[in-house]
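Each chain, letter by letter, is given below.
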Amino acid sequence: MLDVNKTTRVEMDWAGPERLQMNMGPQHPSAHGVFRAILGLQGETVVDVDAVIGYLHRCHEKLSETLTYAQYPSIASKTDYVAAMTSEFAYVMAAEAIGKFEVPRRAQYLRVIVAELQRVASHLLWLGTWCMDMGGALGGGATIFLYCIREREDVLDLFEALVGARLLYGFFQVGGTRYDIPDGWIETCRATIDRIDSRIDEYEQMLESNAFFIARTKGIGVVSRELALDVGISGPLLRGSGVNYDIRRNAPYSSYADFQFKVPVETAGDCFARYRVRMVEFREAISIVRQALDTLPAGPISSRPALKSVAQIRIPKGEAYARVEGPRGEVGSYIISDGSAKPYRMKWRGASFSNLAILPHIIPGHKVADVVAIMGSVDPVFGEVDR
Amino acid sequence: MHPEQARALLASTFGVEVAAGVPMVVSVAPDRWQQLAQYAKDTVGCRFFNFLTAVDWKEQGLEVVARVDNLDDNVALMLKTKLGPGVTTCASMTPVYRGANWMERECFDMFGIHFENHPDLRRILLEDTWEGHPLLKSYAVDTPHPPYR
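Going line by line, the protein sequences match chains A and B.
For the first sequence, this note's numbering gives the first residue as 1, with consecutive numbering after it.
For the second sequence, this note's numbering gives the first residue as 1, with consecutive numbering after it.
Worth double-checking, as some hints may not be accurate.
[Said to hold, decoys possible] Cβ pair distances, simulated, as ranges:
| # | chain 1 | residue 1 | chain 2 | residue 2 | range |
| --- | --- | --- | --- | --- | --- |
| 1 | B | R32 | A | G242 | 14 to 24 Å |
| 2 | A | N250 | B | A11 | 49 to 59 Å |
| 3 | B | K58 | A | N250 | 48 to 58 Å |
| 4 | A | A215 | B | P119 | 30 to 40 Å |
| 5 | A | R58 | B | D31 | 33 to 43 Å |
| 6 | B | D120 | A | A161 | 46 to 56 Å |
| 7 | B | K58 | A | A215 | 55 to 65 Å |
| 8 | B | G15 | A | D338 | 23 to 33 Å |
| 9 | B | D120 | A | E44 | 18 to 28 Å |
| 10 | A | E208 | B | K58 | 51 to 61 Å |
| 11 | B | E59 | A | R58 | 45 to 55 Å |
[To be verified] A short, non-exhaustive set of chain B residues, derived as facing chain A with CB atoms under 10 Å:
| # | residue |
| --- | --- |
| 12 | P23 |
| 13 | T53 |
| 14 | V55 |
| 15 | L71 |
| 16 | G99 |
| 17 | A100 |
| 18 | W102 |
| 19 | M103 |
| 20 | M110 |
| 21 | I113 |
| 22 | L126 |
| 23 | P134 |
| 24 | Y139 |
In case anyone wonders, no lab produced these hints; they're calculated from the structure.
We treat Cβ as the ideally placed atom computed from N, Cα and C, and that holds for glycine.
All chains, please: the whole structure from these sequences, using the hints.
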């Protein structure tokens, strides 16, 4: 039985210098995964952040040492599960670089098409969830989310028609792609991207004419150019901080050299700048898909014989680092081969891991509510952070 | 800075062979590790910190590998240092690159490498009570761990 007279009362001095430790996560909805931020608060203002990650750790790097070059690509998609195509892309490119395997032109085009469709799908999920995180200020918040999910479903339908899976694909394999496009797929794809293209303008209007949206994103979470480079953030975050760098243009891989596209750069470095970069990337991705569909060459989709055993692909001794511009930035795979059917060592450079490392540098000084906006604008996927 | 110019400078300053290519591989002794990082950042202009990791070469010991980029001139450096058999300490890159903080913590977590003067060296992906360092070749994939022992 609780004795009311014996309970002690703790006086909290709200105006004083006392700090409050608050756990945000590991199950906070705005984390989009499992992420725990231990916030040190002074009133409503965050004064320090300790980011705790690793809840989704599966040690992909150890796992890859036990799986062959034929087996691992479909596991690679489980690192960044929101943009599974790009993780597979990086892994097979590293293996191909060591083995000096040719990839047929048709396969190169197909790779670019799926990678860019994946960028559209991934950015749609980011936009929807980010706007929902900022919630009530955006007229209920779920409006944009539902619109974005509706469009993303259409892209996933395309992947389902192509691969049979909607989230984790196994589309890439060393030497080419595993599947060719089915009949009628090109027409469906064109119709889908046309529809998405027209709707992006609508989202932009909805958001940018909303004073709350502007207030919650402009000037919030500013990353300077110098800090961005020093911490090694990449993708839309880097370009939002005024660094004009895109791997697709600066170090073209696959068939990106064949396509015309703009690389958006914003100099403000805040949440709004990162939002603007991604909104332009939507359209550029769609434009690349259109160009690739227009000029899709005929021919084989793989330079390697069909897989009959898991240990069929052997690559010589050597090492290579291959990187692709994923929706979240530089996704890299560093493979060291000892000449067997499995890598001796494989390092994942997850874009989200480096991007998330920026949080302790930019959050202090902001209000708790801004933490949500900043975290959403970083767009971390925890499968890739924890690997 | 042109890649060729960077290659000649690195080779003469550190007295090592630097093979051409993307990325250029620069391998130095552990005692010059931090100096190499500083030189890559200030002189070669590699201000973008890409990643840092390690490789377990079994009886030859651990090797620390880092990649830094000069995004303006497309110069990429793969910096390497072999710690030697049984050695698990290495100079920290954090005074030069702030991005090395989390990467070195991950490296400590996975390989047990102690980075000297790191501001906050503790496990990052695994829990603090974890025993062993999983990416060492001596750590079997099926090593049991509490509470699953």
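Against the structure, the hints come out as follows:
For B:R32 paired with A:G242, a C-beta distance near 33 Å fails the hint of 14 to 24 Å. About 25 Å separates the C-beta atoms of A:N250 and B:A11, a value inconsistent with the hinted range of 49 to 59 Å. For B:K58 and A:N250, the hinted distance range of 48 to 58 Å is not satisfied, since their beta carbons lie about 37 Å from each other. The given range of 30 to 40 Å is respected by A:A215 and B:P119, whose C-beta atoms sit roughly 35 Å from each other.
A C-beta distance of roughly 36 Å is found between A:R58 and B:D31, which places it inside the suggested range of 33 to 43 Å. Restraint check, B:D120 to A:A161: a C-beta distance of roughly 48 Å satisfies the suggested window 46 to 56 Å. Remark: the range hint 55 to 65 Å for B:K58 to A:A215 is upheld by a beta-carbon distance near 57 Å. Between B:G15 and A:D338 the C-beta distance comes to about 29 Å, which sits within the given range of 23 to 33 Å.
In this structure the hint that B:D120 and A:E44 lie 18 to 28 Å apart at CB holds, the actual value being about 26 Å. Here the CB-CB span from A:E208 to B:K58 is close to 57 Å, well matched to the stated 51 to 61 Å. Taken as a hint, the range 45 to 55 Å is violated for the pair B:E59 and A:R58, whose Cβ atoms sit roughly 29 Å apart. Annotation: interface hint on B:P23 holds; nearest CB of chain A at approximately 7 Å, less than 10 Å.
Taking 10 Å as the C-beta cut-off, the interface hint given for B:T53 holds, the closest approach to chain A being about 4 Å. For B:V55, the interface hint holds, the least distance from its beta-carbon to any beta-carbon of chain A being 5 Å, beneath 10 Å. A hinted interface residue such as B:L71 counts as satisfied when its beta carbon comes closer than 10 Å to some beta carbon of chain A; here the least separation is about 5 Å, so the hint holds. Against a cut-off of 10 Å between C-beta atoms, the interface hint on B:G99 holds, since the closest Cβ of chain A lies about 4 Å away.
The beta carbon of B:A100 comes within 9 Å of a beta carbon in chain A, closer than 10 Å, and the hint placing it at the interface holds. Among the interface hints, the one on B:W102 holds; its C-beta lies about 4 Å from the nearest C-beta in chain A, closer than the 10 Å criterion. A cut of 10 Å between beta carbons decides the hint on B:M103: the least distance to chain A is about 8 Å, and the hint holds. At a threshold of 10 Å, the smallest CB-CB gap from B:M110 to chain A is about 7 Å, leaving the interface hint in force.
Annotation: B:I113 was flagged as interfacial toward chain A, and the flag is violated, the nearest CB pair being 14 Å apart, outside 10 Å. The criterion of a C-beta within 10 Å of any C-beta in chain A is met by B:L126, whose closest approach is roughly 6 Å, and the hint holds. Below 10 Å, beta-carbon pairs count as interface contacts, and B:P134 has one with chain A at about 5 Å; its hint therefore holds. A hinted interface residue such as B:Y139 counts as satisfied when its beta carbon comes closer than 10 Å to some beta carbon of chain A; here the least separation is about 8 Å, so the hint holds.
Hints 1, 2, 3, 11, 21 from the earlier list are contradicted by this structure; the remaining hints agree with it.
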